[in-house]
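Asker: Residue numbers (numbering that gives the first Met the number 0), protein chains in the order written: chain A, 0 to 663; chain B, 0 to 287; chain C, 0 to 209.
Treat the hints with care, as some may be off.
[As the list claims (entries may be wrong)] Which chain B residues face chain C? A few, computed with CB under 8 Å, are given here: (1) A63; (2) A96; (3) F162; (4) V277; (5) M279.
[What the hints assert, rightly or not] List time: in silico SDA-like cross-link candidates among lysine to any residue, alpha-carbon distance up to 20 Å: (6) A:K342 to A:L251; (7) C:K29 to B:H89; (8) B:K146 to A:R30; (9) C:K29 to B:G198; (10) A:K403 to A:P350; (11) C:K145 to B:R36.
Simulated from the structure, these hints should not be mistaken for laboratory data.
Note that the Cβ used here is the ideal one computed from N, Cα and C, for glycine as well.
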Amino acid sequence: MKDEPEIRIGFYVCHCGTNIAAMIDCQAVARYAAQLPFVAVSRDYKYMCSDPGQELIQRDIKEHALNRIVVASCSPLLHEHTFRNATEKGGLNPYFFHMVNLREHNSWVHSDGSKATAKAFAQIRAAIARVPHHKALEVLQVPIHPDVLVVGGGIAGIHAALTLANAGKKVYLVEREPTIGGHMAKFDKTFPTLDCAACILTPKMSQVKSHPKITLWSFSEVVKLDGYVGNYQITVKHKPRYVNEDLCVGCLECIPACVFKTPKFPDEFNQNLGKRKPVYIPFPQATPQVVLIDPEVCLNLKTGKCKQTCVEACGDRQAIDFDQRETFDDIKVGNVIVATGFKTFDAHRIPQYGYGAFPNVFTSLEVERMINTSGPTSGAIVGRDGKHPDTVGFILCVGSRDEKTNKWCSRTCCMHSMKLAQLIKEHCPRTEVYIFYMDIRAPGKGAEEFYDKSLRMGIRFIRGRVAEVTDWAVTPEEEGRLVVRCEDTMAGFVRRIPFDMIVLAIGKEPQADAQDVRRLFNMSCGTEGFFLERHPKLAPVSTFTDGIFIAGACQGPKDIPDTVAQAGAAAAEAMVLIDQGHIEIEPNTAHISEVDCSGCKSCLPLCPYTAIAFIETTKKASINAALCKGCGTCVAACPSGSITQNLFEDDEIFSEIAGVLAYE
Amino acid sequence: MKYAYFPGCSLKGTGRSYEESLLPVMRILGIELEELRDWNCCGATAYMSVDETKACVLASRNLAIAEKTGHRALVTPCSACYLVLNKTQHYLKEVPAISNGVGKALGAVGLSCHGAMPVRHPLDILLNEVGLDAIKQKVTHPLTGVKIAPYYGCQIVRPYATFDNAYQPTTLDRLCEALGATVAHYPLKTRCCGGSLTGTMPEPGLHCAYQLLKEAVKRGADLLATVCPLCQFNLDGYHDQIAAKWEPVRLPTLYFTQLMGLAFGLAPTQLGLQRHLVPMKPLLPVTA
Amino acid sequence: MIEYTRVIKHETDRVPGFGAEVMRAPGCEKLASCIQCGTCSGVCPVSIYMDFTPRQIMALTRADFKDDVLRSRTIWLCVSCYACTTECPRKIRITDIIYELKQRAIQSGYYPEHFAVPVLAREFTDMARANGRITESLLVMRMYLKTNWLAALGMWRLGLKLMSTGRFSYTPEKIEGRAELEKMFAAIDTPIPDYSPSGAPGEETKGTQP
């Protein structure tokens, strides 16, 4: 500070309406600050973040020749940026500003006014002791690569990819299944409008395929991510489908030609209700329209002994390639949108409901496929015994709102079950349909009306969580049927109701490999395992890693409208960065003094952002400021003390501590 | 293998055929059960309804004595004892108010209980220590053609399902199959028999027993296999009342240890079968 | 003649703090999380005989309706099978809550004279404390004598059968360490609660007579 002019601090305490002033005596704080060293101006004001508040700072800088600013107000998360701007507009380097959080750290959490005011004295004393040591810092600018990677080809990934591509951005869409479409492709109709899912989804799927700005990689997975916001290097693995995607024309002639005359292997797309052959296409509108061969069951791939009738059928096209191996592609993108979706709850985990034990207990997703005209039963509702049920019971919250399985509400099962119930009623009006629920959750546009329609259609709602599904019959009409035992909590007694078919409304869970994906893309998960957004309200599609966005059910259970809205939001967030052309990086980064670094490498494995590299030529560590998040781990770990961090230098921290402790 | 053994009051009274069959069967399999010296009543569910701390005091005296033996586990065949002893261990660890009271009471007579002795059911020992293969080797008179409804009752699977699934237990099913018997599909295998009510509120208690017996008859079972002395008494003792109130559902209820004894070639009288009110003789020609 | 029963509840019918007190007992804390789903009632093997379902007992307890809860037949019907505790989606230990309610009912005499369940519990604890063991045959005889000795007569056939099969004990089982046991209990004895049944105050409401 020797060569610098005399330190002149401007101090401002904000009332935040009554948020701070009701607990802390702001005028006393201002008076206290006025007599602290270097303080040239000390004021209290009702709303420092308002325009007059900011102008006050700017005017004082000029009139009182201030060169440091301290504002004691709310959380830096909310207004640090505001006051740094005001400081800069006043003609100072914005990092000559420091903020004290008198609201979250003090007035909101205390109930004794005089003690809170005393604590405020200590807080501002620390800030005023620290701020003279602040240095002028420059914001780093990093260019943004304009391409975007979208991971997951469900409705979220599809919508995000199309939004970006339509705005002229180059998009890579990576999907691990053989086709895009995700869960929505399995749905028959969508609530609450009952428009056909395929009619609204498949056009978007073919747009993805034909869009000049989209590279679609199905049956592929992201295996590596390096770099930082604006400059990510990605490696994508393409799994062998034993069919050359460029040569296959989707004629499907190989399928009837297969040596397996009849389909005999479980058809995953139809929830294993139907059968497929070793060479297959998941469903008629699959995108890309390319077959694949299942190496687990293909005779040629398993034994090498097969007449290869499929190759014969393919003929000149020569698309079938039994020697296909995994291949890899390396790409560069500026932003990533993770839209990896959800997994449905495994109903075996609640044995009381008899899934797997009783043939006529189905999951909601199985019934969804069944009711679809292109599904395994061509739209007919039939039990595994081949009979059409006269009575169907839906059990809600299977694997939701249950501390023994998943605590959270899966958000869509009430509406989804009502939809299936309505469709069953439409297909066969005489069917008695019961819905067993704990609470009907039908928020959202048109949802309450949909609930009302269900009631008017004669669907019977019983408020009670089902205790068990049993084949223990106590009356003649229960014989041979599935009996639900449940308290009808509205009526106040226990009932036994026999059914021909039970449908379990299974909840939504994080994908089985969500933790791997989280690590791959440097994200966080909530306790339940869904990806964590940066802020639940104000940054719902951002993550804690810049340039990595999330959309859809990988962030938490949600319906199609919410998923699409999030996908659009994620695309817009990515476009903000792309159109800025560059990103500004907070200068609170760490840096290494090359002279002092001993090259011991102990900092390298500690950095959670892989921002530190070892330079072989100099034998010294080096920090990439664009990757550094300013966590300080390396600073604390460096044995030679050669790493320092802007805004957290020793003299800054020690004076701050001394300032707190100096207050009696 | 040697274990500390807590028989519980019933096995010295109405359920004595349980002990009479348990001990020889375990001996055949090389397991010695050493009865706890001067054990006392576990307190059962009745004491819990009056005073939880005192109930735990009663149970913990046994745990303290068991810990002193140095055996690897305390084996108790009665479901109520199994539950109460496990629950006491649980409370000693988790509820300071109770563990303080218990500590004080035990301290007054120079005893202490660390809660370190596992409390296990013979079924657990048989399936997880002895193993089905070793049991099968001892079977000389397989129970071929006998259809058994495996009845677990409540308190060995709930709430401390330590060795089997609480909803779909299979240990008893697998044991019966190992003895050569056929196992009936029995949906009520973990439903309560009502035994604790039969003495005090007969109708609800007997109704539970009636439902269990009726379903076993319907499923074509020749007998019910049980693991609990109270269940055995409740399902065996009240056929007259059940027949008068509802309909006759006569079916014998045997301890799983008696079934094992029969399969191992022991005589029915060595296993206390003569003590049962519903005779099983005509059903088990293998023992003739 | 129509007999009218009062079906409206006023705030004066509550005993404020009752629910909170129950929730402070060991194992009963989670009652606060109850969502009234009715799983407990559905799995209960004896709920069909209850005046209030277990779910209703949870609601009444939480809402401080002490009188309705402690007078209800439900708490005495509980067979301690733990099905509700095992299945509750909120992991509420319902069986333990029922134990807590039974204890409170016994302590404050909330049950009719000659009512067998609390009498059996009392006889059981007395015998366990005095002898260290339970002799079932003698325990049951004592219970019948104190509640309904006529019912005992109805059981003579069963008694005879038990005698003939050697399952009836004529003399009480006693442990050697009876003095030790008594010393243990004495160390934590609190003033003995009044077990005597009282004509509980207030007017008759539906379903209070077990």
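Asker: Give a verdict on every hint.
Answerer: Comparing the hints with the structure gives:
no.: 1; hint: A63; verdict: 10 Å, violated
no.: 2; hint: A96; verdict: 7 Å, holds
no.: 3; hint: F162; verdict: 15 Å, violated
no.: 4; hint: V277; verdict: 10 Å, violated
no.: 5; hint: M279; verdict: 13 Å, violated
no.: 6; hint: A:K342 to A:L251; verdict: 30 Å, violated
no.: 7; hint: C:K29 to B:H89; verdict: 17 Å, holds
no.: 8; hint: B:K146 to A:R30; verdict: 91 Å, violated
no.: 9; hint: C:K29 to B:G198; verdict: 32 Å, violated
no.: 10; hint: A:K403 to A:P350; verdict: 12 Å, holds
no.: 11; hint: C:K145 to B:R36; verdict: 34 Å, violated
Checked against the numbered hints listed earlier, the structure breaks hints 1, 3, 4, 5, 6, 8, 9 and 11; every other hint is satisfied.
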